Structure formats: C-alpha cells, structure tokens
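A.B. asks: The primary structure of each chain is shown beneath.
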Amino acid sequence: DAKTTQPPSMDCAEGRAANLPCNHSTISGNEYVYWYRQIHSQGPQYIIHGLKNNETNEMASLIITEDRKSSTLILPHATLRDTAVYYCIVRVAGNSGGSNYKLTFGKGTLLTVNP
Amino acid sequence: GAVVSQHPSWVICKSGTSVKIECRSLDFQATTMFWYRQFPKQSLMLMATSNEGSKATYEQGVEKDKFLINHASLTLSTLTVTSAHPEDSSFYICSASKIGSENEKLFFGSGTQLSVL
Numbered sequence: 150d151a152k153t154t155q156p157p158s159m160d161c162a163e164g165r166a167a168n169l170p171c172n173h174s175t176i177s178g179n180e181y182v183y184w185y186r187q188i189h190s191q192g193p194q195y196i197i198h199g200l201k202n203n204e205t206n207e208m209a210s211l212i213i214t215e216d217r218k219s220s221t222l223i224l225p226h227a228t229l230r231d232t233a234v235y236y237c238i239v240r241v242a243g244n245s246g247g248s249n250y251k252l253t254f255g256k257g258t259l260l261t262v263n264p
Numbered sequence: 009g010a011v012v013s014q015h016p017s018w019v020i021c022k023s024g025t026s027v028k029i030e031c032r033s034l035d036f037q038a039t040t041m042f043w044y045r046q047f048p049k050q051s052l053m054l055m056a057t058s059n060e061g062s063k064a065t066y067e068q069g070v071e072k073d074k075f076l077i078n079h080a081s082l083t084l085s086t087l088t089v090t091s092a093h094p095e096d097s098s099f100y101i102c103s104a105s106k107i108g109s110e111n112e113k114l115f116f117g118s119g120t121q122l123s124v125l
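Chains as they are written, first to last, in our numbering: chain P, 150 to 264; chain F, 9 to 125.
Because the hints were derived from the structure by calculation, they are not lab data. Since we're looking at a predicted model, the values are computed, not measured. Treat the hints loosely; a few may be bogus.
As the list claims (entries may be wrong) - Below 30 Å or equal to it, Euclidean Cα-Cα: the simulated DSS-like pairs (lysine-lysine) are:
| no. | chain 1 | residue 1 | chain 2 | residue 2 |
| --- | --- | --- | --- | --- |
| 1 | F | Lys28 | P | Lys218 |
| 2 | P | Lys152 | F | Lys49 |
| 3 | F | Lys72 | P | Lys152 |
| 4 | P | Lys218 | F | Lys113 |
| 5 | F | Lys22 | P | Lys218 |
| 6 | F | Lys113 | P | Lys152 |
| 7 | F | Lys72 | P | Lys256 |
| 8 | F | Lys28 | F | Lys72 |
| 9 | F | Lys74 | P | Lys218 |
| 10 | F | Lys63 | P | Lys152 |
| 11 | P | Lys256 | F | Lys74 |
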C-alpha cells in the first residue's frame with residue numbers, strides 16, 4: 150500500500166470546520182483513500198472513503214485533488230467528541246476479501262477540538 | 009452499519025497463562041478478519057490476516073506459535089495469546105471485511121486490553 154503523510158497534531162475550535170490534510174503522492178490508480186478515526190481506547194471507526202471524486206456523508210467530506218496525490222478530510226462543525234486520532238490510509242479496491250485488502254495504519258493526526 | 013463484537017473488553021492474567029480473544033461479525037459474513045496490536049501512544053500494528061477455513065497469514069516478526077488464530081466460521085475469529093508474558097500486555101483489536109460489499113470497508117471491534125502480571 151502507498152504511504153501517507155499526515156501532520157502529527159492539529160487543533161480546532163468547537164463549532165468550526167476541521168480540515169485534516171493527507172499526502173499520498175505514490176498512490177496507484179486502483180487505490181482508494183480511506184479515513185478512519187480512533188477515539189482513545191476504542192477501535193477505529195470508519196469515516197469515509199473515495200477514489201477520484203469528492204465524497205460527502207453524514208460525518209464528513211472528503212476532497213481529493215485532481216492528481217490524487219493528496220486529500221483533505223473536512224469535519225464541517227467539529228465538536229468535543231471529534232477529538233481523536235485520524236488516520237488516512239490508501240488501499241486497493243475490491244470485494245473479494247483476502248490479505249490484499251488489509252489496512253496499514255500510519256501515525257495519523259491527533260485532532261484536539263477545544264471549547 | 010455493520011457491527012463487530014470483540015470479547016472480552018479487558019483481561020488481566022498471570023504470566024504463563026493463555027488468553028483467548030473472540031471477534032464476531034454480528035450482522036454480516038466475513039471471510040477475512042484482521043488482528044492488530046496497539047501499544048500506548050502508538051499506531052495500530054497488523055499482526056495477522058485470518059482467513060475462514062485456512063491458516064492465518066502472519067506479518068513479519070509475529071510468532072505464529074505464540075499468537076494462535078482460528079477462523080472457524082464466517083462470523084468468528086479467535087486470537088489466543090499463549091504463555092503470556094508482561095511484554096504481551098497491549099491493546100488487541102480485530103477487524104472484519106464484509107464480503108460482497110463494493111470497495112470493502114473494514115469494521116473494527118472495540119478492542120481488548122490485555123494486562124499480564
């Protein structure tokens with residue numbers, strides 16, 4: 150899987166948008182960008198994923214650059230409960246299972262939402 | 009969303025004993041489950057890939073005889089830490105991929121905190 154680069158930490162004011170960047174300059178054409186987050190002492194939680202187009206769901210938006218070498222996760226109105234480590238991961242697409250679809254975690258970004 | 013149940017949430021054991029951790033996909037079938045380990049203030053490290061009906065695939069540096077993995081059904085995988093020692097104390101997390109779903113998302117259990125005395 151392609152490596153990703155994220156800032157180690159970020160701060161955000163409660164109620165404001167949190168924009169978390171991720172660089173994945175060696176991403177391959179068949180690799181998706183996934184975002185997960187991990188709140189302290191819990192298992193990771195899926196947030197969103199995408200290939201080329203921008204994506205939005207009830208949790209966040211994902212903006213992927215045209216060359217796909219970087220992306221930004223946007224939490225539109227951050228709350229205190231969004232304080233967590235956010236992981237950006239690239240992985241091959243597919244639906245047949247197997248070890249090719251494992252997620253390899255980097256160090257992520259610790260987002261701290263301040264009151 | 010799909011639910012992955014992991015049990016127990018925490019366990020304390022004596023050095024030299026074995027501990028079994030269960031990972032269940034509650035509302036979907038998973039041919040593949042993954043086991044991770046996480047030390048304090050570190051990221052998740054993949055230990056092994058568990059395939060239903062076949063032997064698990066271990067990552068480099070992970071002892072297969074120490075961390076026994078069994079994936080006997082499409083909804084259950086177990087990790088047994090054999091002859092546990094204090095250095096095995098860690099947060100263990102499983103994840104499962106929902107077969108048949110496009111672009112396959114992984115769903116994670118809530119983790120098991122193992123403390124070996």
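A.B. asks: Now look at each hint and say whether the structure bears it out.
C.D. replies: So, going through the hints one by one against the coordinates:
1. F/Lys28 - P/Lys218: violated (42 Å)
2. P/Lys152 - F/Lys49: holds (20 Å)
3. F/Lys72 - P/Lys152: Distance ~27 Å between F/Lys72 and P/Lys152 Cα, so the pair holds.
4. P/Lys218 - F/Lys113: holds (21 Å)
5. F/Lys22 - P/Lys218: violated (48 Å)
6. F/Lys113 - P/Lys152: holds (19 Å)
7. F/Lys72 - P/Lys256: Holds, at about 25 Å.
8. F/Lys28 - F/Lys72: Holds, because 14 Å separates the two Cα atoms, which is no more than 30 Å.
9. F/Lys74 - P/Lys218: violated (40 Å)
10. F/Lys63 - P/Lys152: Distance of about 28 Å is within 30 Å: holds.
11. P/Lys256 - F/Lys74: Roughly 26 Å between the alpha carbons, so the hint for P/Lys256 and F/Lys74 holds.
Of the numbered hints stated above, those contradicted by the structure are hints 1, 5, 9, listed in ascending order.
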